[in-house]
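Number of protein chains: 2
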Amino acid sequence: MPVNLTTPAAGELLPVAGVSLGIAEAGIKRPGRKDLLVMQLDEGARVAGVFTTNRFCAAPVTVAREHLAQGGGIRALVVNTGNANAGTGEQGMRDARATCAALAGLLGCKASQILPFSTGVIMEPLPVDKIAAGLPAAVANMRADNWFDAAHAIMTTDIVAKAMSKQVQIGGKTVTVTGISKGSGMIHPNMATMLGYIATDAAVAQPLLQQMVSEAANRSFNCITVDGDTSTNDALMLIATGKSGAEITDAGSAGYAQLQAVVTEVATHLAQAIVRDGEGATKFITIKIEGGRDEAECKKIGYAIAHSPLVKTAFFASDPNLGRILAAIGYAGVGDLDVAALKLYLDDVLVAENGGRAASYQEEDGQRVMKQSDITIRVVLNRGAVNATLWTCDFSYDYVKINASYRS
Amino acid sequence: MPVNLTTPAAGELLPVAGVSLGIAEAGIKRPGRKDLLVMQLDEGARVAGVFTTNRFCAAPVTVAREHLAQGGGIRALVVNTGNANAGTGEQGMRDARATCAALAGLLGCKASQILPFSTGVIMEPLPVDKIAAGLPAAVANMRADNWFDAAHAIMTTDIVAKAMSKQVQIGGKTVTVTGISKGSGMIHPNMATMLGYIATDAAVAQPLLQQMVSEAANRSFNCITVDGDTSTNDALMLIATGKSGAEITDAGSAGYAQLQAVVTEVATHLAQAIVRDGEGATKFITIKIEGGRDEAECKKIGYAIAHSPLVKTAFFASDPNLGRILAAIGYAGVGDLDVAALKLYLDDVLVAENGGRAASYQEEDGQRVMKQSDITIRVVLNRGAVNATLWTCDFSYDYVKINASYRS
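Sequence order for the protein chains is A and B. The C-terminal residue of the first sequence carries number 393 in my numbering, and the numbering is unbroken. The C-terminal residue of the second sequence carries number 393 in my numbering, and the numbering is unbroken.
None of these hints come from the bench; they were simulated from the model. Careful: at least some of the hints might be erroneous.
Pairs involving identical chains hold if they fit within one copy or between any two copies, as the list cannot separate such chains.
Think about it this way: if two alpha-carbon atoms lie no more than 20 Å apart in a straight line, the pair counts; the simulated EDC-like pairs of lysine to aspartate or glutamate are [to be verified]:
(1) K19 <-> D134
(2) K328 <-> E75
(3) K14 <-> D304
(4) K328 <-> E109
(5) K151 <-> E200
(6) K285 <-> D321
(7) K151 <-> E250
Let the sequences and hints guide you as you build the complete structure.
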């Protein structure tokens, strides 16, 4: 079950002026499951995004990148679940374009003004006819206050829908930021997450919007892992409609910093929600690596811990078998690491120093922390001034169960 | 249960003249479990080895390296299970040296002529008093035909003892090669395995012996993974007693090639046995990456597949959800990989080409192969002439069960 995570009430999710959302049941997933989302944007909205670095990236990722690069103004996003349209070759490209064309026909815009997204099983042909048949219902369903249903429509193995709204005053105007995300397995984003959509009614110039989404991704979705599997379909999109009247034109301005902070806060909540709802997760683990020489070595050590099946199963068992963390630190690939110089903490408990178990460490202290559902592993490297924080979850029977049966 | 793996009969394991083995129950593990092995070598034997690259390497690894480097002739190896003496700081170093001193006293040699090895739980103090108390019984038990019991004495979570003997004629002399290994979890060797010991009665000069063990490790233990966790205690040792009369002095000689081939065959069997006995394994998976530009990129892609929890759980389920393999290939980190150029096979079944599912692929063909207990994944990259082969296993409920409870 998700770790300390609930979906916000529908009323807590604030509409973003200039964005309408409609959902439908297109029959890609089993009957009774919503699997199609259309987000229509008013004219003038700007969109920026970051995408997976997986070389087997999905056809919709390629098409979305193309359409963004054309700069012709994006008028809608379309998301299907149940099928990733990845590992589908040329036919997959045709299917992604056909999806855009079908929606463009309904909305009266160009196909190149549509961004397509897919998530689900890989290497199966996209049922594009079902999507085309489902689009009119999604368009008919479009409303500004539909974020709650939208967050549910993009779920796959997710148990809990992920969403958040925040407001901030910028230049005397109230600016709203609302976001949704999905993801639970195949989570080790590299530039983005499975799928995340954040919209604001601030006006943000295109290059600044790209900078803002990249910075937010680097401090949120690029700091999480469930199983170390980087998806073929990762995408995080940031939409700025400009309807609030607040305008951001300078990366050095107070308004930029304010909005960046809120967008990053929403992105971090959505990213952490994916880990809290990680497949089979029973524990949410924060990994802080402090005192490194650079971010790369901090993240290497952090991900070695986060990806170790031995560490993850020990946390599942609430077993303070913490030598497994030392082993992971040791094989992380930091060649000149002085293991005698580092300190390992579990929450406030000093576990290891001087290359071995701390004299003050008591098994019952480790046991106490291991029984919590939220735990922080802190490694102080004592070789520099750089810190990094990652978030992951444990590895349970249910992870195996879910992934030994998931095909939808 | 181990995948198509049984322990050879005691009679199939041939003594190696110049090596005696004795085992004992020192009480490090729970009562009734043998946990101590002494291998005594006749004077003149040469020993070479490769060790873990884990920065948190165990104290016995450091001491064994030191003693080998001194070149004073190795007279015995001592192995305890139940405790890794890793992550134990300065006390661990003192304990490893004390173990050597205790055995040296019994055998009438110098402590620096003993190589110590430990395997088991990390970050717990070595019960050196129990080991010292158990050594006389191990010494009293020493026999040349004791390889079968020795293979059992070094097991931890292993279900099946791992051992192999081969003979080869070199220069008119019969040369014997006998080896044992242990390992089941925390298996992603990087220079060696958990623990492996191979002995021959050929005479091999020291630098050649080091070359031989390094080559054998690179083609065997360095090609396996169970869970991607590189141990703190990996070691593969090659012993050459010279008692057969066959002498190898030149790396370019026919005798060197013959012995290298047999040592590599034994090492490969022992390494594969560790995967077949991988914690919770139900399937043995051979991963062949062909047509790469260099070995590094072949291994990157191979290990990405081998470490993917999603791929491993799909194999556990016998579910041909093979898009997960494409995703792993895509995120392996080969930045300029042309995914449209590669082909993916499951045994003889062509699964994917041209960036997507092969037109000829039928789900029932994939299903048929997935139901086997031995399966080959073959990726033809079509970008060079280099091949690499790795071996791994699937990921089951039992892996989680074993590692959520293992502390001994």
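Hints, verified against the model:
Proximity of K19 and D134 under a CA criterion of 20 Å is satisfied intra-copy only: 9 Å inside one chain copy versus 61 Å between copies. Taking the shortest alpha-carbon separations for K328 and E75, only the inter-copy value of 15 Å comes in at or below 20 Å, while the best intra-copy value is 52 Å. Taking identical chains as interchangeable, the C-alpha atoms of K14 and D304 lie at most 20 Å apart only when they sit on different chains, with a minimum of 19 Å there against 39 Å within one chain. In this homomeric assembly, K328 and E109 come within 20 Å of each other (Cα to Cα) only across copies, at 16 Å, whereas the closest approach inside a single copy is 48 Å.
With identical chains, the CA atoms of K151 and E200 are at most 20 Å apart within one copy only, with a shortest distance of 18 Å there and 60 Å across copies. Taking the shortest Cα distances, K285 and D321 sit within 20 Å of each other inside one copy (13 Å), while across copies they are farther apart (22 Å). Within a single copy, K151 and E250 get their C-alpha atoms as close as 9 Å, which meets the 20 Å cut-off; across copies the closest is 63 Å, which misses it.
No hint from the list above goes unmet by this structure.
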